[in-house]
Amino acid sequence: MTEVDIVVAALAAGASAGLMETASAAVRDAYGALREAVRRRLSARGEEVLDAEQVEPGVWETRLREELIASGADRDQELLAAAENFRALVRSEGKYHVDTRGAKGVQIGDHSTQTNTFN
3 MTEVDIVVAA LAAGASAGLM ETASAAVRDA YGALREAVRR RLSARGEEVL
53 DAEQVEPGVW ETRLREELIA SGADRDQELL AAAENFRALV RSEGKYHVDT
103 RGAKGVQIGD HSTQTNTFN
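Using our numbering, the first residue of the sequence shown is number 3, and each one after it goes up by one.
Watch out, some of these pointers could steer you wrong.
What follows is a set of in silico ranges between Cβ atoms, one per label pair, in the way DEER data are often shown [claimed, not checked]: (1) Glu-50 <-> Asp-76: 14 to 22 angstroms; (2) Glu-38 <-> Thr-115: 43 to 51 angstroms; (3) Thr-64 <-> Ala-90: 23 to 31 angstroms; (4) Asp-31 <-> Gly-107: 32 to 40 angstroms; (5) Asp-112 <-> Glu-68: 35 to 43 angstroms; (6) Val-61 <-> Phe-120: 51 to 59 angstroms; (7) Glu-50 <-> Met-3: 19 to 27 angstroms.
In case anyone wonders, no lab produced these hints; they're calculated from the structure.
Predicted model only: the values in this text are computed from it and were never measured.
Ideal Cβ placement from N, Cα and C applies to all residues, glycine included.
All chains should be built: construct the whole structure from the sequences, respecting the hints.
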């Protein structure tokens, strides 16, 4: 995955209405910072692609990727950092949503083993 692909993937993830409705303020703020960094990068080339409707799957991403490559976004450290920050927040927030009320012997995490004996 190239630097531009990371930015496009982060924007596509953030454009999801379900994510933005359930996301924390930190995730929404990170997404806003990412969009603003992209908007600044594309301002000379025409930022309308950022706000374009996602009519057909892949069309918006393709146009955005082309504009970002042409604008030199792959060398914009601020933009790349904003994309990675957003992706990291989404990954950390979206991994587990567990309600443990009334549960016994709960274990949450990856690749773990647990043995319970309830008397």
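Of the numbered hints stated previously, which ones are contradicted by the structure, given in increasing order? none
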